[in-house]
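Novice: Sequence:
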Amino acid sequence: MASNLKNLLFSDSDWLVEVIAEDTANLERYLNNENGQSRENNQVFKLPGVIGILPIRNAVAYPGTVTPLAIGRKRSKRLLADTRPNESIIGLVTQHNPETDRPDFDDIYSVGTAASVLKVIKMPQGSIHIVVHGIARFKIIKRITTEPYLKAAVQPLKVKAKMTKKVQALIVSVRHAANRVIVLSPNVPEEASVLLENIENPSALADFLAANLNLNIAKKQQLLEELDAAKRLEKISVALANQLEVLELSHKIQGRVRESVDKNQREYFLQEQLKAIQSELGKADSRTEELKQISKNIKKAKMPKKVEAEALRELDRL
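In the numbering used here, the protein residues as written are 1 to 318.
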């Protein structure tokens with residue numbers, strides 16, 4: 001069954017991180033690859049020396065994520081025109097200022113993520129949507145050209161992901177916090193918890209959480225530039241703790257609101273019931289007074305005894 005974990009852990013940016021796979025097992029293997037290392041064929045990904053650069057707004061791309069992006073700028077379209085899906089490698093680099101419409105090298109960070117374009121979807125109105133697969137970190141070491149699109153010489157960055165006791169403890173901590181966040185978060189599929197438990201590579205786990213955490217762009221970029229997986233996990237642990245505190249407080253507030261609403265609803269229902277009872281009692285009192293008055297009128301009429309007795313008997317029936 002297809003799995004689509006979208007906006008996990010309350011990612012709130014316009015750029016939506018999605019992790020897509022045919023099944024959870026494939027997704028786990030995919031996320032546990034790091035630095036382009038494939039456990040199945042033991043081949044290491046080799047980053048080309050020069051690649052085209054695709055500036056992205058309001059987002060930071062990480063290795064181990066499959067991401068949809070909307071493409072509208074002329075330079076970006078030219079880069080895609082020279083890109084072969086599933087073959088060419090491009091560089092995803094975040095802009096300093098998302099409002100810059102024609103970013104140059106001075107407008108983007110120097111560290112980004114090498115990615116493969118999995119799919120290109122051309123929309124009727126002229127815009128293009130692509131799906132990219134983040135592979136490995138890189139650093140821009142030389143600016144080659146800005147036309148027809150940004151092109152740079154790049155150097156791959158190797159992460160430090162040694163499994164120590166400290167790293168193991170951090171993994172346990174962030175998994176626990178992340179699972180708690182998932183429980184408190186609406187519309188998050190059950191596969192998310194299973195997936196978190198099965199991402200073994202500490203760097204891959206850190207990147208997966210960083211991509212989906214509710215952090216500002218500057219902090220997300222810092223996590224991308226941090227090559228030590230242990231330090232990355234420490235920062236993510238703090239971010240998760242802060243987010244968990246907000247979520248738990250939010251749920252407490254929602255619980256109090258629900259209790260207040262329920263109490264008010266109960267009080268309203270009881271008040272309405274009381275009004276109905278009082279109304280019925282009022283009608284009964286009015287009817288009783290009316291019958292008493294009729295009885296008095298019968299007696300005042302000085303009817304023959306038999307007629308009066310019959311009239312009062314009929315009145316009692318009412």
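One or more of the hints may lead you astray.
EDC-like cross-link-like pairs, simulated, lysine to aspartate or glutamate; straight-line CA separation at most 20 Å [to be verified]:
#, residue 1, residue 2
1, LYS166, ASP228
2, LYS219, GLU245
3, LYS166, GLU234
4, LYS165, GLU245
5, LYS160, ASP106
6, LYS158, GLU234
7, LYS160, ASP82
Here are the simulated distance ranges between beta carbons [what the hints assert, rightly or not]:
#, residue 1, residue 2, range
8, GLN155, LEU184, 38 to 46 Å
9, VAL50, SER173, 35 to 43 Å
10, THR100, ILE128, 15 to 23 Å
11, PHE269, LEU118, 51 to 59 Å
12, SER185, PHE105, 35 to 43 Å
Note that these hints are calculated values from the structure, not bench results.
Ideal Cβ positions, reconstructed from N, Cα and C, are used throughout, including at glycine.
Novice: So, for every hint listed, does it hold in this structure?
Specialist: Going through the hints against the structure:
no.	hint	in the structure
1	LYS166 to ASP228	13 Å, holds
2	LYS219 to GLU245	19 Å, holds
3	LYS166 to GLU234	10 Å, holds
4	LYS165 to GLU245	27 Å, violated
5	LYS160 to ASP106	28 Å, violated
6	LYS158 to GLU234	19 Å, holds
7	LYS160 to ASP82	33 Å, violated
8	GLN155 to LEU184: 38 to 46 Å	41 Å, holds
9	VAL50 to SER173: 35 to 43 Å	41 Å, holds
10	THR100 to ILE128: 15 to 23 Å	20 Å, holds
11	PHE269 to LEU118: 51 to 59 Å	56 Å, holds
12	SER185 to PHE105: 35 to 43 Å	38 Å, holds
Of the hints listed earlier, those the structure fails to meet are numbers 4, 5, 7, in rising order.
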